[in-house]
Amino acid sequence: MFYWNDSAYIRRDSNELILQGLKSRVRVKISDLSTNLFEQLAKQNTIDETNLEAREQRFLLRLNELGFLETEEYELESPHSRTARFLSYYSDAPLTLLKQIGAVHLAIVGMGGIGQVVAEHLAAAGVRHFTLIDGDRVERSNVNRQFLVGPDEIGEAKVEAVSKTLVNRYPDLSLNPVASYVRSAEELMRCVPSRTSMLVCAADSGEGVNPRSIVLEACIEKDIPCAFCAVGVADGEIGPILEKQSDMKSYLSFLQRAEENIVRMPVPKGSICFTNTLVGTALAMEIYRYLCTGSSPMHQHTCFCSFMNFKGLMYKRVGSENDTNSVKKSL
Numbered sequence: 001m002f003y004w005n006d007s008a009y010i011r012r013d014s015n016e017l018i019l020q021g022l023k024s025r026v027r028v029k030i031s032d033l034s035t036n037l038f039e040q041l042a043k044q045n046t047i048d049e050t051n052l053e054a055r056e057q058r059f060l061l062r063l064n065e066l067g068f069l070e071t072e073e074y075e076l077e078s079p080h081s082r083t084a085r086f087l088s089y090y091s092d093a094p095l096t097l098l099k100q101i102g103a104v105h106l107a108i109v110g111m112g113g114i115g116q117v118v119a120e121h122l123a124a125a126g127v128r129h130f131t132l133i134d135g136d137r138v139e140r141s142n143v144n145r146q147f148l149v150g151p152d153e154i155g156e157a158k159v160e161a162v163s164k165t166l167v168n169r170y171p172d173l174s175l176n177p178v179a180s181y182v183r184s185a186e187e188l189m190r191c192v193p194s195r196t197s198m199l200v201c202a203a204d205s206g207e208g209v210n211p212r213s214i215v216l217e218a219c220i221e222k223d224i225p226c227a228f229c230a231v232g233v234a235d236g237e238i239g240p241i242l243e244k245q246s247d248m249k250s251y252l253s254f255l256q257r258a259e260e261n262i263v264r265m266p267v268p269k270g271s272i273c274f275t276n277t278l279v280g281t282a283l284a285m286e287i288y289r290y291l292c293t294g295s296s297p298m299h300q301h302t303c304f305c306s307f308m309n310f311k312g313l314m315y316k317r318v319g320s321e322n323d324t325n326s327v328k329k330s331l
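First residue of the sequence shown? That's 1 in the UniProt record's numbering, and the numbers climb one at a time after it.
Please keep in mind that the hints were generated in silico from the structure rather than gathered at the bench. A virtual CB, placed ideally from N, CA and C, is assigned to each residue, including glycine. A hint or two may mislead.
Under the rule of at most 30 Å between Cα atoms (straight-line distance), these lysine-lysine pairs were calculated in the DSS-like manner [claimed, not checked]:
no., residue 1, residue 2
1, K222, K164
2, K249, K222
3, K164, K249
4, K244, K222
5, K269, K99
6, K164, K244
7, K164, K99
Computed Cβ-Cβ distance ranges for the label pairs, DEER-style [what the hints assert, rightly or not]:
no., residue 1, residue 2, range
8, G155, K249, 36 to 42 Å
9, P297, K99, 32 to 38 Å
10, E186, I272, 20 to 26 Å
11, R190, K249, 17 to 23 Å
12, E260, K164, 40 to 46 Å
13, D172, Q256, 39 to 45 Å
14, G150, P193, 36 to 42 Å
15, K222, S141, 33 to 39 Å
16, K244, R195, 17 to 23 Å
17, R85, N210, 29 to 35 Å
18, G135, E259, 40 to 46 Å
19, T96, R169, 35 to 41 Å
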C-alpha cells in the first residue's frame, strides 16, 4: 500500500504538478492519471497497488523511489489482507491500525446468542485477546441460535466450548474463558484482567440481577469503556458505548430510576437466530468502528430497533429524562 510522505507536498503550476520532497523536486505533466492519483494521495488516502493498472503501478513505484511515498507491505493471501484494505478507509496506515486492533483485549459478559456473535465477528476482524465470562453449560436448546457450539458440546461449560471453536478458526487468538456467573461488580472485577480495553455486556437479566448495573459499576471502578446490547422477541437494543466515568454514572442513575418504575413481566423463553445475529453483528460493528476511530453513532446513544417492520430507529442519549417506553412506542 502507498500513502503520501508527510514531508512532501504537491502544488499546481500552469499545466504541471510540482512535487516537492526533502531530496527531490519533480514536475509532472497534468493528466487524468496523475491528477486522480495525486488527489487521492493529497487527501492522505491509501492506494492499494493491487487495484492499479500496470502504468499506474510503475508511476507510483517511481514516486516511491524518489522518496515521495511511504509503503506498507502485507501478504496478499493472509487472513487479514481484505481487513487491511477495508481499514484503509479509516487510516492512511491500515496495517498499523490492524496491529493496534490486534492488541485490544475485550471482556465479554454473556456467551449466549449475542455474545458469541460479538466474539466471532471481532475475532474475524482482527481482535486477538478475549476474556469470555459465562457460568452456563451448553444445552440442546442453544444450538438454534448459538453458532459456536453444537450437539457434541452439550453439557460442556459454554465458555470452554466457545473458546475451542474460536481457536480452531483463528489459531492466533489468546482466550481467557471464565466459567462463572457474576452477581456483583466485585465478582466481575476479579474476572476481568487489568489490561482489558473494553467490557461488553451481552448477558441476560437473572433473578434479582441486573447485568448492566454490575458492568457499569465495575467499569466505573476500573475506568474502562463498556458497551451494551439486548434482544427481545419484537425488538432489540444496540448500545450505548460509554468511555467516560461521568457517562457511566449517568446511565447507571438512569437504569436505577427505570428499575423503580418498571413493572416486570415474565421474560419470554422464545429466541431465534435472526434477531440475536442482527443485534450482535450491529454491536460488533460499532465496537470495531469505535476501536478504529474513537467514535461511533452508539457512543452515548442506544438504538432501539423494531423487528416487526424495521421502520423505527430511535437514538436516545444516555441519562436522558425521557422514559424508555416512550421511545419504544415511537417505533
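Broken hints, by number: 3, 5, 6, 9, 10, 14, 17, 18, 19
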